[in-house]
Amino acid sequence: MNFLFNEEQTSLGETVGQVLADHAALTGPDPSRGSDAEVWAALAELGLFSLLVAEEHGGVGLGLVDLAPTIEALGAGLAPPLIASTLVATEAVNRLGDAEQRAQLLPGIAAGETAIAIASAELGRGNDPVFAECGLHDGRLTGRKIAVAGADVAQMLLVVTRTQSAPVLALVPTDAPGVTIEPHADIDPSAGLCRVTFDNVAVASAQLLGEGSPGALDTLIDLGATAQSGMAMGIAEVMLKRSVAYACEREQFGKPIGSFQAIKHRCADLAVAVEAGKATSHYAFWACSEDAEDRASAASAAKAYCGEIACNACNDAIQIHGGMGFTWELGLHRFLRRAQVIEHAVGSRAWHYERVVAETLAAREVA
Amino acid sequence: MNFLFNEEQTSLGETVGQVLADHAALTGPDPSRGSDAEVWAALAELGLFSLLVAEEHGGVGLGLVDLAPTIEALGAGLAPPLIASTLVATEAVNRLGDAEQRAQLLPGIAAGETAIAIASAELGRGNDPVFAECGLHDGRLTGRKIAVAGADVAQMLLVVTRTQSAPVLALVPTDAPGVTIEPHADIDPSAGLCRVTFDNVAVASAQLLGEGSPGALDTLIDLGATAQSGMAMGIAEVMLKRSVAYACEREQFGKPIGSFQAIKHRCADLAVAVEAGKATSHYAFWACSEDAEDRASAASAAKAYCGEIACNACNDAIQIHGGMGFTWELGLHRFLRRAQVIEHAVGSRAWHYERVVAETLAAREVA
Amino acid sequence: MDFTYTDEEHRFRLELRAWLATALPEGWGETVFEPEDEEERYLFRRDWDKKLSSGRWAGINWPVEYGGRGATLVERGIFAEEMARAKAPESLNIIGHNLAGTTILHHGSQAQKDRFLPPIIANEEFWCQGFSEPNAGSDLASVRTKAVRKGDKYVVNGQKIWTSYAQYSQWCFALVRTDPDAPKHKGLSFLLIDMSSPGISIRPLRQISGESEFNETFFEDVEVPVENLVGQENDGWRIAMTTLAYERGPEDCLGRQVRFKQELEKLLEVCAAEPTANGVLADDPVVRQKLGRSIVEVEAMRLVALKSFSRILAGDERGPDASVIKLYWSHAAQRMNEAALDILGPAAVLSEGDDDAMAGGRFQTSFLQSKAFSIYSGSSEIQRNIIGERMLGLPR
Amino acid sequence: MDFTYTDEEHRFRLELRAWLATALPEGWGETVFEPEDEEERYLFRRDWDKKLSSGRWAGINWPVEYGGRGATLVERGIFAEEMARAKAPESLNIIGHNLAGTTILHHGSQAQKDRFLPPIIANEEFWCQGFSEPNAGSDLASVRTKAVRKGDKYVVNGQKIWTSYAQYSQWCFALVRTDPDAPKHKGLSFLLIDMSSPGISIRPLRQISGESEFNETFFEDVEVPVENLVGQENDGWRIAMTTLAYERGPEDCLGRQVRFKQELEKLLEVCAAEPTANGVLADDPVVRQKLGRSIVEVEAMRLVALKSFSRILAGDERGPDASVIKLYWSHAAQRMNEAALDILGPAAVLSEGDDDAMAGGRFQTSFLQSKAFSIYSGSSEIQRNIIGERMLGLPR
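Protein chains in written order, with full-length UniProt numbering: chain G, 1 to 367; chain P, 1 to 367; chain C, 1 to 396; chain B, 1 to 396.
None of the hints are false.
Below are the SDA-like pairs computed for lysine to any residue, each with C-alpha atoms no more than 20 Å apart in a straight line: (1) 266/B x 358/P; (2) 50/B x 89/B; (3) 266/B x 124/G; (4) 184/B x 256/G; (5) 184/C x 256/P; (6) 261/C x 294/G; (7) 261/C x 293/G; (8) 51/B x 18/B; (9) 255/P x 139/C; (10) 241/P x 389/B; (11) 87/C x 44/C; (12) 266/C x 362/G; (13) 153/C x 200/C; (14) 266/B x 123/G; (15) 255/P x 395/B; (16) 51/C x 66/C; (17) 266/B x 362/P; (18) 261/B x 365/P; (19) 50/C x 34/C; (20) 255/P x 184/C; (21) 266/B x 365/P; (22) 241/G x 386/C; (23) 113/C x 232/C.
None of these hints come from the bench; they were simulated from the model.
Predicted model, so just to flag it, every value in this text is computed and none were measured.
Let the sequences and hints guide you as you build the complete structure.
Shown next, in the form of structure tokens:
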């Protein structure tokens, strides 16, 4: 019985956090993407992308739960979301890929040469990340995806699409003929969100991941939702720390503002939310790693709850920082913006709460 | 341009408040119904039930908005809900009754001799106050209503029922053959909630109120929702006043607890909520009186919003009173209990928010 | 990260589960419940406590020499979960075990240990807690009940409040002022007071739910032998703080969580069965959002407790974690209870004893009871101060 | 209770509406908008302010003798509503009209009135506000910017912050410390400072939305003639308090409410049109609950303002009502903006300039801007103190 991370897991997260901290611009006021390539290179050099890859393919063979503190660090450091999406895609290939696909993809991933962007969201489907208009018919992919983080610099796209009968996941190189990638104008330019259009793109059967596996899409959603929950908690924790630090230092009426209950109690409530959110997210990481029975419910719980906590934490931090909080220079807006990207990635809060209920009711019927 | 009550309206409310205050047991810790008949008699003597009745039928001919402060006082004083329901039913008879019905019913109402309980809620319909299983077929009423406040002491029931084709409102004497009235075991015994069963009860056409008028049920809902919103705000305001008084008087750590921001700011937020809720409720009273275009939306807005504010206000008051707050003796639980009765009367919060949206979208289409 | 139990821990769980199956009446929690009458319920719980003692399931964390099992923290967590899972009655002697007993174990003289511990673990003597006073609630250190030493006795005068089960207790574990001139935290002491002493009177305090768990207890010239002083005179505050840290730890939350989850299960059961105009309650998307949040929060209660639990297992001091846990479960449980009534629609008002009440009217009682969660055992305001100051390091 | 307007009030509204129809460019607010470039927008707003003056629609509440219309409170409410309804540009010279002008009107010398009022009402001189400082935010009375009298001049040193539009202003209306030895509320004075004086430097402060409405303004040995002192030396705090009460009244809220309602209308329009897997966004019951609450709260903003408005009309003093109004609209508007992004699903992140953005990406900008509502013009914490102490009478 131990719900803590071991030293290796923790120090991995700390190391990644330090690498990100070396690139101060990541959390600076300017949301442009200047240092993305350097950050990727530094993390690749550290071996981040080899961690989830099995030893036979040149990796370390860790499980997703081993990377939980690392993914929190990616969130806290406002790392480009493409990094986490590549890790999620790696795990998806581990679980859903056949031997050939694994052999073909994993060495490049482990070497940091294959960045994978996940293309799931579409317009016109409400907040549902599952239903796709984007269709695969007779080996041809046609449709449009939005908010694909890092598609413009990735080598590969992992696309949620569907045939007549069922959802499928397709691996499509970003330079495949018929693929058009345009950057969005959006709330968080640093996330590198792109619109990706597929115009009759040829997709061979070998490019389909987990074909015929009814749980393939669920697997991707669970992994993605869990990773997003980790990044959300990274943000929430930074917001807590910065709020507390400012509340200790900033004086008004002759006292540090943290001595006023209006501020102190808000920080305390935020600390409790961070504790609850992290526990929920950590459990989802474990449930994914172990393929626990409640994996889907744990992942959706984490996504819904942690997304909410991160958004609230950003609001709290801005309010506690007062006038400074809404200055561009202080940079809190960077976290506020990124929290929105996370909130709307892999399905909205309402969709995931809905999924928690569906899973829970289904489990009751089985029991 | 004047959104205030005039002196007559205000002093009417104050007078009713004073009469209720004379019956201290109404807001005492014991939720039983000892003084209901005396309270009714005192208010009847005051002429309360004649206020909405036209002069030709022995009344004063005031409009619903004139009674807004009075209905708030009924809420604040935890008056038996049958009093407000009789006022609502009076106004329903004014608006929907034909000449004969008015002549027959209104004099008795004005004299305080006809108390009317409103039977709308049913089990098994979710939170929808509109859809009725309780059916009227071939002049016979059959079905079961729950949470009918004061049915056991009322002379008349105003029943939401339906024929094959449409909802109708039926006036049924409580002593009609086939009517069975049993008191509930419920969260607020002082509300006099009853289960009313109709077993093949004969209902003549002359007993139908607003027959054929497509808006009859909406009218009853708007009047009822508005009255409930007023009572809710009466409760919320008492909770604010008692919280503030206690926060000024109770000392901990050598200071009145109201000097701590945790308490002070909670009171301030409650005061703002009370202000917003009252404004919303008062507007609904006005919109009902004037049959304004946005009557339905205003009434539902008031019911949803004020119900929420009253429930929160009770929670706030209990928390601010600390240990004393959850003692039986202090009696705050009486308001907490009544607020639940109000919250679930005439449709739930979610149903009314839903109705606000439906009305607003419909108005957009017209515009 | 590892949620598995050792074989030994698993055996412990099975042993307890097996014992509970025989100790509780047939159909317990399904068709058989605690008596509704308060006096009868007291007798029932007293008997249950004695049964626990006879099975060596009372004070399992105490050392073996005093009749305990020297249970590990994990075993205590398992104990809390299994008791809750079996819907076992609550112990009447929590104060005896968790507060009085624990304090005597740590700070009592050998004579006190010999005199008081055996009847506690045997549940032959029941204890109440004399901490709060009408003017010392959140500000506990401003206790005014005075104990003046006269020869070999203290003479106690004052009033305590929220003394749960005082009417059924043989002893009171009381915080009293022994030095009125010292700064307020410095003049307090712990006395063990025989509840049959002349000069003690008890007035029950009903709660908003209608139950009378609590009391006001008055002391008028009550004589207490000086040997019933625990620890040093005027050292009571320090002792109280160490003792209170043990009162509400993750073990407590783990047990509560199981009970809250049982409530939530009942709510899901109602939602899955209760018809609406177009299906059942659980089909309503708005209802589902509320259910979803409650499901997540009730699960988070468990996870938050497990985090803290793991930290203590790993050697961390018990600190403000207890406040985080308490603040979390109390508000999450209140939200669940609010959601339940919200969801039930017009039936929300029907309570125990009404034929039409959902799930026997349990949600209404739980709703009322839940209002106390954010007040007792340290109000949420106090917990937020503790978290802000002791965990986050914000200035006073 | 009566929501009708007198004939005269109605004529006032129609006159203004007619004027706006001709004064604003064709297609304004539909196809024609303010320039995006900040400098251009400033020029545009300056021109608009001059146009307002030329139509006698600037400073309508001022007495006729100073170029105003002596507008009644109701007319001011109508003015705010109509300006908002026409989506008219915001005035650049709010500080000139509402703060500097109002204060000079009430507390200025005749010479000051003659010198300063005409160019304000003509919008020939623009003003910025020198109140807050880096260390005097919520605690405004701890202003440190010093003004030391030397002969017929004050020499000003210090730093102001949140000086909106300082870069476009000719004058600054500044609260400065003239007696460093007096208790902090007692040593403050008001100075009118020519922004072209040597020693003034300005550093723009960007907001989280990317816009730069605010500045830091530095004063280094800036000389201000003593005749630019408003009221008595060291009487500045009292003057500031009376002036600030006029800054955020119900008129302000009525105008804002119209603009928030326009946002909400846009959101409803998007929800009614945007397809989902099974209908449009507005068919989703969970979306509808969020919309419902926003509709109610935006309407309540108007009603809360009207209540206060009516009380002032009935002769009540302007008091903590303004804090109630401000606290209400700021949080209600934030909730509406949160709800908007919540509802939009994956498109929530797409902003102005993206082809796929909903309603041109306006919700994203509004969302970011809304975060300042609960901070500027007195933070919510300060408003709660004011309400608690001045309206409810809670102790300090």
